[in-house]
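Given the coordinates of chain W, assemble chain E onto it according to the supplied hints.
Protein sequence lines, in the order shown, are assigned to chains W and E. Read in order, the letters of the first sequence are residues 1 to 483 in full-length UniProt numbering. Read in order, the letters of the second sequence are residues 1 to 483 in full-length UniProt numbering.
Quick caveat, the hints were computed from the structure, so don't treat them as lab data. Because the structure is a prediction, the values reported are computed rather than measured. Hints may be right or wrong, so weigh each one.
Stated by the list, open to error - Footprint (simulated), chain W over chain E, 3 or more residues, beta carbon under 8 Å:
#	region
1	64-71
2	85-95
3	128-142
4	311-325
5	439-449
6	454-461
What the hints assert, rightly or not - Anything over 10 Å on all C-beta distances counts as not near chain E; from chain W, calculated:
#	residue
7	L19
8	H83
9	T152
10	K253
11	E262
12	A271
13	K284
14	V306
15	T325
16	E423
17	V450
18	G451
To be verified - Below, in silico cross-link-like pairs of lysine to aspartate or glutamate (EDC-like), each with a Cα-Cα straight-line distance of 20 Å or less:
#	chain 1	residue 1	chain 2	residue 2
19	E	K295	E	E279
20	W	K76	E	D101
21	W	K93	E	E444
22	W	K132	E	D72
23	E	K164	W	D72
24	E	K164	W	D101
Every residue gets a Cβ at the ideal spot worked out from N, C-alpha and C, and that includes glycine.
Number of protein chains: 2
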Amino acid sequence: MVERKDALVVAQGGKVRALKEAKAEKTLVEVEVKALLELKSKLAALTGEGGEGKRSGSKGKLTLKTPKGTKDYNDKEMAIREHVFSTIIGVFKRHGAVTIDTPVFELKDILSGKYGEDSKLIYDLEDQGGEKCALRYDLTVPFARFLAMNGTTYQNMKRYHIAKVYRRDQPAMTKGRMREFYQCDFDIAGTYEPMVPDAEVLRIVVEVLTSLDIGSFVIKVNHRKILDGIFSVCGVPDTKIRPISSAVDKLDKLPWEDVKKEMVEEKGLEASVADKIGEYVKLKGGRDLLEKLQKDAILTGNTKAVEGLSDMSLLFTYLDTFKVTQHVSFDLSLARGLDYYTGIIYEAILSGGPAPVSVTEAISVKKSKGKEGEEAEEDANVGVGSISGGGRYDELVGMFAGAASGKKGGVKVPCVGLSIGVERIFSILLRRSRLEDIKANQSEVYVISVGDGLLKERMELCTELWEAGLKVGASPEEGRGMP
Amino acid sequence: MVERKDALVVAQGGKVRALKEAKAEKTLVEVEVKALLELKSKLAALTGEGGEGKRSGSKGKLTLKTPKGTKDYNDKEMAIREHVFSTIIGVFKRHGAVTIDTPVFELKDILSGKYGEDSKLIYDLEDQGGEKCALRYDLTVPFARFLAMNGTTYQNMKRYHIAKVYRRDQPAMTKGRMREFYQCDFDIAGTYEPMVPDAEVLRIVVEVLTSLDIGSFVIKVNHRKILDGIFSVCGVPDTKIRPISSAVDKLDKLPWEDVKKEMVEEKGLEASVADKIGEYVKLKGGRDLLEKLQKDAILTGNTKAVEGLSDMSLLFTYLDTFKVTQHVSFDLSLARGLDYYTGIIYEAILSGGPAPVSVTEAISVKKSKGKEGEEAEEDANVGVGSISGGGRYDELVGMFAGAASGKKGGVKVPCVGLSIGVERIFSILLRRSRLEDIKANQSEVYVISVGDGLLKERMELCTELWEAGLKVGASPEEGRGMP
Chain W
1 MVERKDALVV
11 AQGGKVRALK
21 EAKAEKTLVE
31 VEVKALLELK
41 SKLAALTGEG
51 GEGKRSGSKG
61 KLTLKTPKGT
71 KDYNDKEMAI
81 REHVFSTIIG
91 VFKRHGAVTI
101 DTPVFELKDI
111 LSGKYGEDSK
121 LIYDLEDQGG
131 EKCALRYDLT
141 VPFARFLAMN
151 GTTYQNMKRY
161 HIAKVYRRDQ
171 PAMTKGRMRE
181 FYQCDFDIAG
191 TYEPMVPDAE
201 VLRIVVEVLT
211 SLDIGSFVIK
221 VNHRKILDGI
231 FSVCGVPDTK
241 IRPISSAVDK
251 LDKLPWEDVK
261 KEMVEEKGLE
271 ASVADKIGEY
281 VKLKGGRDLL
291 EKLQKDAILT
301 GNTKAVEGLS
311 DMSLLFTYLD
321 TFKVTQHVSF
331 DLSLARGLDY
341 YTGIIYEAIL
351 SGGPAPVSVT
361 EAISVKKSKG
371 KEGEEAEEDA
381 NVGVGSISGG
391 GRYDELVGMF
401 AGAASGKKGG
411 VKVPCVGLSI
421 GVERIFSILL
431 RRSRLEDIKA
441 NQSEVYVISV
451 GDGLLKERME
461 LCTELWEAGL
471 KVGASPEEGR
481 GMP
Chain E
1 MVERKDALVV
11 AQGGKVRALK
21 EAKAEKTLVE
31 VEVKALLELK
41 SKLAALTGEG
51 GEGKRSGSKG
61 KLTLKTPKGT
71 KDYNDKEMAI
81 REHVFSTIIG
91 VFKRHGAVTI
101 DTPVFELKDI
111 LSGKYGEDSK
121 LIYDLEDQGG
131 EKCALRYDLT
141 VPFARFLAMN
151 GTTYQNMKRY
161 HIAKVYRRDQ
171 PAMTKGRMRE
181 FYQCDFDIAG
191 TYEPMVPDAE
201 VLRIVVEVLT
211 SLDIGSFVIK
221 VNHRKILDGI
231 FSVCGVPDTK
241 IRPISSAVDK
251 LDKLPWEDVK
261 KEMVEEKGLE
271 ASVADKIGEY
281 VKLKGGRDLL
291 EKLQKDAILT
301 GNTKAVEGLS
311 DMSLLFTYLD
321 TFKVTQHVSF
331 DLSLARGLDY
341 YTGIIYEAIL
351 SGGPAPVSVT
361 EAISVKKSKG
371 KEGEEAEEDA
381 NVGVGSISGG
391 GRYDELVGMF
401 AGAASGKKGG
411 VKVPCVGLSI
421 GVERIFSILL
431 RRSRLEDIKA
441 NQSEVYVISV
451 GDGLLKERME
461 LCTELWEAGL
471 KVGASPEEGR
481 GMP
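Pulled out of the complex, with its shape left as it was, chain W reads as follows:
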């Protein structure tokens, strides 16, 4: 709905530019400019981004709006949201998951130092005496805090958590970047057969995306240890591995030349080292690629890489068993933003298949790095968007437990998890539906009468229907609808 308006704005903007370029008559241009401004103001009203500030006018009138970067969800939008959630939860429960809930705000200390420079986006609560608190930034850190607090009780746990998180980012409402938005996480915590949970998480991504019917997709998979091994054997100094890794992470948006430039000019890597990396990170494939790397004498000289390759080999076996290999692409260019990953990492993207993803969608999708939505940069050239992401993080819980006990080697809970980009899925489905076709209430029966009167009889009938467990609708518009 909003996006349709947005397309109108873009189109109108184009028209104005074309007229100006063609040096059209002044009044003609003015008419079109006025139309453009009107469209923009309608759009602002729709998205709640009215720029008029807190109180409009000088008379101290109250502005009826939601805070910047937030919105209300009406009954029809909620109907779609509930469909998305119940579909996803259905899959999670099929895999034996339980859910937990954590407070919407955490002690500030719990969140501090977990999000790097994005920490500035954290919403603080005002210090009204007492503890310093902040709204949660994601669901992973609260989950790790929960596990560290409940060490032995929840050593092994498959949990999902669907809840809102908060980021004081510059909102781009039309593009779906909000300050309040849902995250939808599923994680397997604890020690299981090696690589079995990792494969199951990928199977769950496939089940979720298939159930939601949002079009064809590919899951790119890589392994942090292989990536680090590659950097190592190519000659990247240890201190530069993470910065070089973030440069590689941009390969889905930038051509290799630009990424290389960043490595060499900004991060001070030797050009020859960068070139060696380039040979590796452009590789993608399936088991064939794995076999090729296993025969790479240089790479297999690196212990970490060997561990990673061995994990990937087991993963491919289990993906076959779980019948999801066809959705997976082993892609050495996938690096992901977050520091805490220690094993497999992956990211699912829509591959622009048969699902009716509109052009507007293709323009407005975001490239997300880290867990879904943790970082989001617009890129008008990207035709498909990341719709799920995740990976293995074996050290995060231990970090909390260690920081709390003041010594290393406290409770350690290895974890692997996924995050579904529900806001993006929600907006794709919303765009695809016609709002007038969405039935928000679930009424099975409407009780009305022809002509006036019969109120008591209608009420009696309703009572009977309620007692029979039926969903009875209202049609107050007619005045005769009940009740």
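Structure of chain E alone, referenced to chain W:
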């Protein structure tokens, strides 16, 4: 950005060192050192990695806990919570309700001046530039704001909203008084046949409490216009009607003598007037009481009272039609705290019937006034607790619309609503269950093997079961469980 600041720190550090090495004048060095410290503290603030924060203990250990007044809900608690919510939502949907969602924080201006002296309990967000926001205190004010914003689109609406609200109150966790807790509201907005929505709301309370099977209950009902009429004919000056009304509201906890004392000594009412009020407010009954009041020549001399009595008469007729009269007690002592009620008001209490309410529960239940949880005071002597409350508020939406438009007589949406005390219900059910009996996951099948091995076979079987839509459990404890 952080890197840039960091570079500044390094540069400034170099400057200080250089000055020291050059044995520069002491005050000059001090100025530069101060600048360095400022830069460092800005950097720490930016990255949120300030070491100076509140860390408990001398060694900078992290405290693993949730903020005061909040808690995590583990998988078993969540299973009970989901049962309560889905039961309640089932009833709401039977009555044709839809749901909407609003942001967890609102512009501070929206909340200001709505909660009287309890406004001090509102959680403010820190002013980090931009709008002044605060966490929502209840769900009624955001709903009224939504209706006022969407005037014509949602003139008639049955909506429910189950979500967390926030109050910076002194928590009493063992008694269920939290700073973050759920409210569960259902409201009928718009113009319908007179008193039909009011009766339906009471029918819904009966359906919800019956479905939840938490024991026998009584719904006390009164009408603001009758109460105000009584105060008026007894001789209470108009300005004292609300204060006297709050005194009456305490009658379920205090004996009449104490309430009278408050009226006379604190609120300056004449003793004879108080005595007249006392004659009325001790009355309770059913239609018999209504008939008695209808014959009261003094009371029926008051226009407001007559309107209220006429509403009550219609209500009793409809309660019969809806077959819920047996649960209702017409109780003139019920006043309720909130100012915004304009018609019927009610409160459901557990009547200590056959349901297994434990002694602990009887002691810890709270007397709540206003909408459920809006005010809560402990009273160890009260054996039963308010479990639902609500009433008609015909002016709140218009107040918002009027404040926004700057003139009176904007959009007017009459509303009647209920609030279910889900936190209390949740804690009653939790106390009644044995935690070890609660099965948090919904697994229908467990795949295990006798003896070691067979991992691949177990995984294949799981895949088949998942594809058949079955919920497959995990038993990782055994090491042989899958996955």
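Among all the numbered hints in the text so far, which are the ones the structure does not match? none
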